[in-house]
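Start from the sequences, fold in the hints, and give me the full structure.
The listed protein sequences correspond, in order, to chains A and B. All residue numbers for the first sequence refer to the numbering used here, where the first residue is 1 and numbers rise by one. All residue numbers for the second sequence refer to the numbering used here, where the first residue is 1001 and numbers rise by one.
Warning: the hint list may mix true and false statements.
[Unchecked claim] To be clear about the criterion: a stretch of chain B counts as covered by chain A if any three or more of its residues have a C-beta under 8 angstroms from a C-beta of chain A, and this derived list gives those stretches:
| id | segment |
| --- | --- |
| 1 | 1128-1139 |
| 2 | 1277-1287 |
[Unchecked claim] Straight-line Cα separation of at most 35 angstroms, DSBU-like style, residue types lysine-lysine; simulated pairs:
| id | chain 1 | residue 1 | chain 2 | residue 2 |
| --- | --- | --- | --- | --- |
| 3 | A | K394 | B | K1021 |
| 4 | B | K1266 | A | K232 |
| 5 | A | K215 | B | K1021 |
| 6 | B | K1021 | A | K294 |
| 7 | A | K232 | A | K357 |
| 8 | A | K16 | B | K1266 |
It is worth saying that the hints were derived from the structure and are not from the lab. All C-beta atoms, glycine included, are put in the ideal place defined by N, C-alpha and C.
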Amino acid sequence: MLRTFRIGGIHPPENKLSAGKKIEVLATPKQVIIPLGQHIGAPAVAVVKKGDLVKVGTLLAKAGGFVSANIHSSVSGKVNKIDNALDASGYRRPAIYIDVEGDEWEASIDRTDTLVKECNLSSKEIIDKIAAAGIVGLGGATFPTQVKLMPPPGNKAEIVIINAVECEPYLTSDHSLMMEKAEQILVGVTLLMKAVNVNRAVIGIENNKPDAIAKMQQLAVNYPGVEIMPLKVQYPQGGEKQLIDAVIRRQVKSGALPISAGAVVQNVGTAYAVYEAVQKNKPLFERVVTVTGKALANPSNFLVRMGTPISCLIDAAGGLPENTGKIIGGGPMMGKALISAEVPVCKGSSGVLLLTKEESVRKPMRDCIRCAKCVGACPMGLNPTLLMSCTEFKNWELAEENHITDCIECGSCSFTCPANRPLLDQIRLGKGKVMGIIRARKS
Amino acid sequence: MENSLYVSPSPHIHGGDSISKNMYGVLIALIPAFLVSLYCFGLGALIVTATSVLACVIFEYLIQRFLMKKEPTLCDGSAILTGVLLAFNVPSNLPIWIILIGALAAIGIGKMSFGGLGNNIFNPALVGRVFLLISFPAQMTTWPVPDVFPMTYTDAETGATILSSLHEGGAPLPAMVDMLIGRIGGSLGEISAIALLLGFAFMLWKKIITWHIPVSILATVFVFTGILYLVNPTVYVNPFIHLLSGGLLLGSIFMATDYVTSPMSKNGMIVYGIGIGLLTAVIRIFGSYPEGMSFAILIMNAFTPLINSYIKPKHFGGK
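Here it is, written out as structure tokens:
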């Protein structure tokens, strides 16, 4: 029996069209647009100005607070301007435009392919290097990694859990990374273990990636304390709380941090970025992005420099199909629908998914028939249809009483609903409202 | 290009489940039971079912179109299902005019007066059935005797059901085998335990329903009647007779599991099932009616909102 999380969950069609495709290096565009807010927390503060010359890896903006992250240049060239640019959120926000000239890297970056296993740095030095490299959670949540590695007082890390489940349909960036950079990932994992002073790490991989499981298992024997755990395919297993439940059978209490269960969860892509930052002095300025969709000619996995417009990725994968209805940044369950293909690739961009016009339209909604399928699907054990009604009738007390703030916005309820009710749309609204009320009450 | 993109919040895909898929799924699950009743009650079964389905569909259409002035939603199959379930709960020799009244009560009072599918408090087919049982007690309790494809309808030969003869206190009980395959008297669709269980298995396989409600009802009835049987086997019958007779299987598999009128959490479903099981057994053994399934379900339907507000799903990370 393979493990999985114990409450709810769904199994959407996997559609991993780009599985098994090698990671291709995408050509550098003529201009990159690097937003200052690519992570959760305060936006970074620009340290360059118009006309400055930068190299690949040059610091462009430094963290703007405790929960924030540095941002580095992904290209060499000249800063064209610092201006508002459309990002994945649909808003225009400050970004640094760089006109690309050549491809000159900072001298400190080790560009060789040699695997560096040894590391004599202390925990604090590792964390400092991770912070300096601007690493954030690469699964899509983009929480600054160094913050997660510094547990608040009173909490002690017992285990590092690596999220390699890639439970979102279509996406294969983590899968391809494991196939090509397995050894580097494992070194990255040991660095994370050292950073939080634990001697056990589990890499959770869903069972639909048997080649990655085999490869990682074969190499992991050389890394004491690192275990590969195949998991049953179940969405949303990549949710932090769900993964902790699946791997160590502990449920993080409502409103508590994962560290309260002794777990530090990091994405597999993050582990790779940690390896590059600590062992190769390479800041986070490029990442693997899956470009996929049923109508797309050539679904692919690309190694992309941050700030590259998404249109460049689509062109490289065979061009925008005629009947494209939606461009999604991320996967189909939790990704964001983009309003333009000119949005740049950011640290949190795990994929670009193109849906056809037919796939993009929701079916008409009917009255709730109280079939309770949403209740069965909810991985947080909530009653989505009740929470939707609470929002519709603005009954915020009842919503709070029924734990609306625990919703992880995975979308399993809306996906399941036979009456096509937009459960998550409404719950998201209500959750925002209730969180506002709670904040106001505390202050 | 820029303006032709759809933008909506996630999730961007849907599992493809729909109300009609579930309704037609239940109808498919009812096919074995219908075939058995065709075999045993012949022409009568056909006429009663066809009349009931047609009447329910037409009443739903008329009410939606002319009273509620909404777009009719006939294609979802829920009116067909109500029609079939109403037919399955009446004798196969019931005259057409009584069936029409039952269909009007089921659709009009049971369903549409609350606002249609999803808003009703009571199971519509049972509202129709109980309406008829109270209004036409004689016609509703004369049961045709099973035969082989009989070409009879209201002229069918009638006899007692197991529960009614138990209630009268007489008549020998049929063999267990006859109860399993359906060679017994009773309402049109309730006679064959095997056919109904086949439908149950199908619905579990297709994830249309979960096991919680039917199993908790059956277990409760079994335990309750079993205790009485152990205490005094001369007065109380074998619990297996209770499981296989009357509308217990039809009710617990197809009527108590109605989405709209049953609780939403798993624990709530079990409480609801235990309630139905207890009420059914109490009515059967101590009440003045021989069968209590319909009343038990309707009473627990009324408790469903209460169960929903007190018994919540198991919350992640909760105590």
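Consistency of the hints with the structure:
Using a Cβ-Cβ cut-off of 8 angstroms, 0 residues of the segment 1128-1139 of chain B lie near chain A, which falls short of the minimum of three, so the contact claim is violated. Coverage of the segment 1277-1287 of chain B by chain A is violated [criterion: at least 3 residues with CB-CB distance below 8 angstroms; count 0]. Distance hint between A:K394 and B:K1021 is fulfilled; the C-alpha atoms sit about 32 angstroms from each other, no more than 35 angstroms. A C-alpha spacing of about 23 angstroms is found between B:K1266 and A:K232, which places the hinted pair at or below 35 angstroms, so the restraint holds.
For the hint linking A:K215 to B:K1021, the alpha-carbon distance of about 42 angstroms lies beyond 35 angstroms, and the restraint is violated. Simply put, B:K1021 and A:K294 have alpha-carbon atoms about 25 angstroms apart, close enough for the 35 angstroms limit, and the pair holds. The straight-line distance between the Cα atoms of A:K232 and A:K357 is roughly 32 angstroms, inside the 35 angstroms bound, and the hint therefore holds. Our distance criterion of 35 angstroms between C-alpha atoms is met by A:K16 and B:K1266, whose separation comes to about 33 angstroms.
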